Amino acid sequence: MIKGFAGRKGVQLLFYALTIWFLWFAQTTLDDYSIRVLNNIAIFIILAVSYNLINGITGQLSLEPNGFVAIGAYVATLFLLDSDALEYQYYLEDPSSIVLLMHTKSFIIALLAGGAAATFAAMLLSFPVFRVRGDYLAIVTLGFGFIIRILAINNPQITNGSLGLNDIPDHTNLYWSGGLAMVAVTVILNIIYSKYGRAMKAVRDDEDTAIAMGVNTFKIKTIAFSTSAFMEGVGGGLLACLLTSVSPDQFTFFLTFQLLIIIVLGGLGSTTGAIIGTILVIGGAEWLRFLDEPMNLFGWTSPALPGMRMVVFSIILILVMLFAREGIMGKKELFDYFKTKKPKEKK
Amino acid sequence: MDYVTLLQQMINGISLGSMYALVAIGYTMVYGVLRLINFAHGDILMVGAFLGFFGISVLELPFFAAALLAIFGSAFLGILIDKVAYKPLRKAPRISLLITAIGVSFFLENSFNVLFGGVPKAFPVPDFAEQIIKVASLTFTTAAFIVPIVTLILLGVILLILYRTKYGVAIRALAFDSQTVELMGIDANLIFSIVFALGSALAAVGGIFWAINYPAVEPMMGVMVGLKAFAAAVVGGIGSVTGAVLGGFIIGFTEVVVIAFFPELGGYKDAFAFMFLILVLLFKPTGILGYDFEKTRF
Numbered sequence: 001m002i003k004g005f006a007g008r009k010g011v012q013l014l015f016y017a018l019t020i021w022f023l024w025f026a027q028t029t030l031d032d033y034s035i036r037v038l039n040n041i042a043i044f045i046i047l048a049v050s051y052n053l054i055n056g057i058t059g060q061l062s063l064e065p066n067g068f069v070a071i072g073a074y075v076a077t078l079f080l081l082d083s084d085a086l087e088y089q090y091y092l093e094d095p096s097s098i099v100l101l102m103h104t105k106s107f108i109i110a111l112l113a114g115g116a117a118a119t120f121a122a123m124l125l126s127f128p129v130f131r132v133r134g135d136y137l138a139i140v141t142l143g144f145g146f147i148i149r150i151l152a153i154n155n156p157q158i159t160n161g162s163l164g165l166n167d168i169p170d171h172t173n174l175y176w177s178g179g180l181a182m183v184a185v186t187v188i189l190n191i192i193y194s195k196y197g198r199a200m201k202a203v204r205d206d207e208d209t210a211i212a213m214g215v216n217t218f219k220i221k222t223i224a225f226s227t228s229a230f231m232e233g234v235g236g237g238l239l240a241c242l243l244t245s246v247s248p249d250q251f252t253f254f255l256t257f258q259l260l261i262i263i264v265l266g267g268l269g270s271t272t273g274a275i276i277g278t279i280l281v282i283g284g285a286e287w288l289r290f291l292d293e294p295m296n297l298f299g300w301t302s303p304a305l306p307g308m309r310m311v312v313f314s315i316i317l318i319l320v321m322l323f324a325r326e327g328i329m330g331k332k333e334l335f336d337y338f339k340t341k342k343p344k345e346k347k
Numbered sequence: 001m002d003y004v005t006l007l008q009q010m011i012n013g014i015s016l017g018s019m020y021a022l023v024a025i026g027y028t029m030v031y032g033v034l035r036l037i038n039f040a041h042g043d044i045l046m047v048g049a050f051l052g053f054f055g056i057s058v059l060e061l062p063f064f065a066a067a068l069l070a071i072f073g074s075a076f077l078g079i080l081i082d083k084v085a086y087k088p089l090r091k092a093p094r095i096s097l098l099i100t101a102i103g104v105s106f107f108l109e110n111s112f113n114v115l116f117g118g119v120p121k122a123f124p125v126p127d128f129a130e131q132i133i134k135v136a137s138l139t140f141t142t143a144a145f146i147v148p149i150v151t152l153i154l155l156g157v158i159l160l161i162l163y164r165t166k167y168g169v170a171i172r173a174l175a176f177d178s179q180t181v182e183l184m185g186i187d188a189n190l191i192f193s194i195v196f197a198l199g200s201a202l203a204a205v206g207g208i209f210w211a212i213n214y215p216a217v218e219p220m221m222g223v224m225v226g227l228k229a230f231a232a233a234v235v236g237g238i239g240s241v242t243g244a245v246l247g248g249f250i251i252g253f254t255e256v257v258v259i260a261f262f263p264e265l266g267g268y269k270d271a272f273a274f275m276f277l278i279l280v281l282l283f284k285p286t287g288i289l290g291y292d293f294e295k296t297r298f
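As they're listed, the protein sequences go chains A and B.
Per our numbering, residue 1 is the first one in the first sequence, and the count goes up by one each step.
Per our numbering, residue 1 is the first one in the second sequence, and the count goes up by one each step.
Calculated from the structure, these hints are not laboratory results.
Keep in mind it's a predicted model, so treat the numbers as computed, not measured.
Where a beta carbon is used, it is the ideal one built from N, C-alpha and C, also for glycine.
It cannot be assumed that every hint is accurate.
Derived coverage of chain B by chain A (criterion: at least 3 residues anywhere in the stretch with Cβ under 8 Å from a Cβ of chain A; other residues may be distant) [unchecked claim]: (1) 84-95; (2) 105-111; (3) 225-239; (4) 263-271.
Taking lysine to any residue pairs in the SDA-like style, the calculated list, with each CA pair at most 25 Å apart, reads [as the list claims (entries may be wrong)]: (5) LYS87(B) to ILE328(A); (6) LYS121(B) to THR252(A); (7) LYS332(A) to THR217(A); (8) LYS121(B) to PHE254(A); (9) LYS331(A) to ALA92(B); (10) LYS83(B) to THR165(B).
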């Protein structure tokens, strides 16, 4: 339940019920490809709403999701694979004993462990970064994404190096991904409408005034960053169990870039905007697949252009920033448009 | 390790550091006047290297003509990026500007990837840079000497521009207080263009040196160099040109010498710059020679 905003409880319950019905309907009737796209959308909703918490709500540009998603994916994978599977897969070096000790059959524990590891990394990063004001977060987190990749490649006794890990149990289905997306959106909205959320918005809008009002900006930024890291870690675990393999090359800057476009298009600072953005961008990325393939234009066949989609994405990002900086939703939420009118004051 | 190897590695480190320094100057100048981390700066280096490559192997120009083409082409690209992508956002929140910069960076990388393919192309190294010099038992290529010397000359030129011309005064004034500068009747947009042109030209020189040392060009070559050069700018003190050069030398030197001493750390080569960055942010956020932008901003 989301407290603190003017929505009726009945409407909220109806909305949750409809979403659950849709998840059940999709999981039981749709074909594999559609289910996969929907799973992808659900996972990216988790990533986008949590990324929006630090970028849109708190106004601190960070470029970390690929790093935290990678941490979450690797940790969840290591927990889910049993020692036999690990011994079998590691052929660069023997798996280290810590890796062999980490084992659980429970999907949710593995996901939470992934989230906790990402949160820990976020806490470590926030000490140097939030001590100074300014844009250092962006460059440090960008570098962090590269360092995670370097660490994954150079520690084959833990991550199996650039070969990656395979045969991860495919636990992820729409109930997990969609259900956790619902939980994530609910938690994020509750944070936004709490005193912490108001403090985050204050930091975004005017940091000096926020400090003057007694907001501990370091604490608020760290809370936003760590919460966002936790959910990105969980999302990483879900992604690993959807794809059933992880390797260092999956978590490049492109992942972060996709999320950035999603939240910019949806409107920086709008959670429902992030959801709309996810559906548009992830759905659109499937639809735009034709761009990477050879095209037949009026009898002239263009060669296959792998990477054309990314060019289109970057042009969209620049155009949105230049001409429609507010994105689709601006800082508003979808339900702000359906707010029940204030009851007239009794005389 | 004997002293010969050490000396050899030190010269390699200085050479690598000069390349970081050249790129770091652009970061520090743009940050100084616009308070923007120009994410596209590393990719301008890539474009510069590509222009040099095309100048030599497609247009068949002599090396210096190709280098001039790369320098002027990159300077023009820098001005163009500023005019098209950054200028409309001068009054916007800084996060918008940063996101646009990331968009430009991604656009440059991927359009070059689509147009010319991601496979590294061999860079035609001119003969004079490949001569081998033997001093006692040390062997170097001429490039290892040319790179630091050219870097120091260019640093001198930039310092002359900054401290001995009226445009330099305007650049420094803009870094100090942009609103008052505009009240004084200075065309801020012209100064921004000059800053972008200077920074991009230096990045192109860095790109060509990079292409000579690691004789290949590819669309993603600017990413890592750009990140490390930014780290260098922060270590030296962002906003200070001399600091940027100092930071570049420190980071390049450490990278080479540490790996010479501990070859088993070779895989972590790219992580040193970030260790430096994080340490500097923890203990001395203004860097070695930097100004305190938190205070001068108001």
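Here is what the structure says about each hint:
1. 84-95: As far as the stretch 84-95 of chain B goes, the hint holds, because 7 residues have Cβ atoms under 8 Å from chain A.
2. 105-111: holds (count 4)
3. 225-239: holds (count 4)
4. 263-271: holds (count 4)
5. LYS87(B) to ILE328(A): holds (23 Å)
6. LYS121(B) to THR252(A): holds (23 Å)
7. LYS332(A) to THR217(A): With a Cα-Cα distance of about 23 Å, the restraint between LYS332(A) and THR217(A) holds, given a limit of 25 Å.
8. LYS121(B) to PHE254(A): holds (23 Å)
9. LYS331(A) to ALA92(B): holds (15 Å)
10. LYS83(B) to THR165(B): Holds, at about 24 Å.
Violated hints: none; the structure is consistent with every hint.
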